[in-house]
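Start from the sequences and build out the full structure, keeping to the hints where you can.
Quick mapping for you: the protein sequence lines, in order, are chains A and B.
Numbered by the numbering used here, the letters in the first sequence go through residues 2 to 171 in order.
Numbered by the numbering used here, the letters in the second sequence go through residues 29 to 169 in order.
The set of hints was computed from the structure by calculation and includes no laboratory data.
Treat the hints loosely; a few may be bogus.
Stated by the list, open to error - Here are the simulated lysine-lysine pairs, DSS-like style, with alpha carbons at most 30 Å apart: (1) 124/B to 111/B; (2) 151/B to 138/B; (3) 137/B to 160/B; (4) 123/B to 151/B; (5) 111/B to 28/A; (6) 28/A to 124/B; (7) 28/A to 123/B; (8) 137/B to 123/B; (9) 111/B to 137/B; (10) 123/B to 160/B; (11) 28/A to 160/B; (12) 124/B to 160/B; (13) 153/A to 124/B; (14) 151/B to 124/B; (15) 153/A to 137/B; (16) 143/A to 153/A; (17) 111/B to 123/B; (18) 138/B to 160/B; (19) 137/B to 141/A; (20) 114/A to 143/A; (21) 153/A to 141/A.
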Amino acid sequence: HETVQSEEYPLVVSTWPFVEAVRAAWKAVDGGSSAVDAVVEGCSTCEELRCDGTVGPGGSPDENGETTIDALIMDGLTMEVGAVAAMRYVTDGIKAAKLVMRHTEHTLLVGEKASEFAISMGLPGPTNLSSPESMETWTKWKDGRCQPNFRKNVSPANSCGPYSPTHYLQ
Amino acid sequence: LHSHDTISMAVIDRMGHIAVGTSTNGATFKIPGRVGDGPIVGSSAYAVEEVGACCATGDGDIMMRFLPCYQVVESMRLGMDPKLAANDAIARIAKKFPDFLGAVVALNKKGEHAGACHGWTFKYSVRSPAMKDVEVFTVLP
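As structure tokens, this is what we get:
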């Protein structure tokens with residue numbers, strides 16, 4: 002597991018075997034695109050392909066069955082950053098992040114206001130981010146008494162909410 | 029508890045400029061409003077032109093407390109090679125949270141790259157001019 006050296010630029014590296022995303026980024030950067038634009042190409046490809054169900058719409062339903070999007074882009078030359086978090090109703094996470102970076106002085110927009118910004122700046126939406134698969138996953142989870150979940154020190158511990166804090170830590 | 033996957037990508041262009049990006053729909057069955065490491069700069073990704081870049085994936089609720097990608101880039105700035113920097117960032121988290129799942133990829137200005145992971149076997153993908161197509165690298169915990 003040594004460090005691997007590559008010969009020269011350009012270069013694309015991505016988590017996981019998201020091969021199509023890397024190919025898309027490579028095609029862009031090898032054709033002369035900037036690093037920022039190539040990152041957008043690569044990450045957008047995974048959003049369209051719904052890589053592993055964990056990128057883009059149609060996956061990872063929350064406790065309410067809703068899919069929301071988190072994305073970030075950073076330019077290592079200027080140290081500019083744009084990001085969106087818990088963005089609803091908009092599928093294009095990385096493009097929304099780039100809009101924050103390019104067209105605002107801010108770094109991070111969140112929630113429904115991030116969606117409003119993204120749509121106002123030209124991205125498609127509002128869109129339902131659920132899919133038949135994500136709704137089936139969520140329905141099974143509800144039927145299984147909402148297990149597992151990310152709650153702790155709450156009552157009830159072994160079924161769905163509403164939850165209230167338990168007091169044994171006091 | 030759950031697996032958390034994210035695309036986190038770094039690109040060096042023909043000018044030698046570096047950018048990073050991430051995109052994710054987060055953790056399944058998260059509490060509504062939860063934000064993970066994906067949109068947190070220095071956690072899921074970080075890039076500094078003069079040094080290199082880092083991409084991370086895994087249990088974002090834990091990882092975002094350690095800013096692992098900021099740590100990786102700063103370690104490389106101080107002279108660590110990518111493998112050592114990646115291992116060090118993961119080890120800092122594992123020391124406090126031995127059950128966490130996570131991985132980082134470190135990439136320096138010379139195009140040298142390496143991964144480190146904890147709790148699972150990690151794979152990352154690379155395309156360089158020396159390769160005919162994308163190559164997938166496997167990193168064992």
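Consistency of the hints with the structure:
1. Taking the CA atoms of residue 124/B and residue 111/B, the gap is near 21 Å; set against the 30 Å cutoff, the hint holds.
2. Among the hinted pairs, residue 151/B with residue 138/B is consistent with the structure: their alpha-carbon atoms are about 21 Å apart, no more than 30 Å.
3. About 22 Å separates the Cα atoms of residue 137/B and residue 160/B, which keeps this hinted pair within 30 Å; it holds.
4. Proposed proximity of residue 123/B and residue 151/B is supported: the alpha carbons are some 22 Å apart, at most 30 Å.
5. Proximity of residue 111/B to residue 28/A is assessed by CA-CA distance (about 27 Å); at most 30 Å being required, the pair is judged to hold.
6. Between residue 28/A and residue 124/B the CA atoms are separated by roughly 41 Å; this puts the pair beyond 30 Å, and the hint is violated.
7. At roughly 40 Å between alpha-carbon atoms, residue 28/A and residue 123/B are farther apart than 30 Å, so this suggested pair is violated.
8. Annotation: proposed proximity of residue 137/B to residue 123/B holds, straight-line Cα distance about 29 Å (limit 30 Å).
9. Note on residue 111/B and residue 137/B: the hinted pairing holds, with a Cα-Cα distance of about 14 Å set against a maximum of 30 Å.
10. Taking the CA atoms of residue 123/B and residue 160/B, the gap is near 39 Å; set against the 30 Å cutoff, the hint is violated.
11. Between residue 28/A and residue 160/B the CA atoms are separated by roughly 12 Å; this keeps the pair inside 30 Å, and the hint holds.
12. Note on residue 124/B and residue 160/B: the hinted pairing is violated, with a Cα-Cα distance of about 41 Å set against a maximum of 30 Å.
13. Restraint check for residue 153/A and residue 124/B: the C-alpha separation of about 19 Å stays at or below 30 Å, so the hint holds.
14. Distance hint between residue 151/B and residue 124/B is fulfilled; the C-alpha atoms sit about 24 Å from each other, no more than 30 Å.
15. Proposed proximity of residue 153/A and residue 137/B is contradicted: the alpha carbons are some 43 Å apart, above 30 Å.
16. The straight-line distance between the Cα atoms of residue 143/A and residue 153/A is roughly 18 Å, inside the 30 Å bound, and the hint therefore holds.
17. Using a Cα cut-off of 30 Å, the hinted pair residue 111/B and residue 123/B holds, with the two alpha carbons roughly 18 Å apart.
18. Taking the CA atoms of residue 138/B and residue 160/B, the gap is near 20 Å; set against the 30 Å cutoff, the hint holds.
19. At roughly 47 Å between alpha-carbon atoms, residue 137/B and residue 141/A are farther apart than 30 Å, so this suggested pair is violated.
20. At roughly 29 Å between alpha-carbon atoms, residue 114/A and residue 143/A fall within 30 Å of each other, so this suggested pair holds.
21. In summary, the hint linking residue 153/A to residue 141/A is supported, as the alpha carbons are separated by about 21 Å, within the 30 Å threshold.
In terms of the numbered hints stated before, the structure departs from hints 6, 7, 10, 12, 15, 19, listed from lowest to highest.
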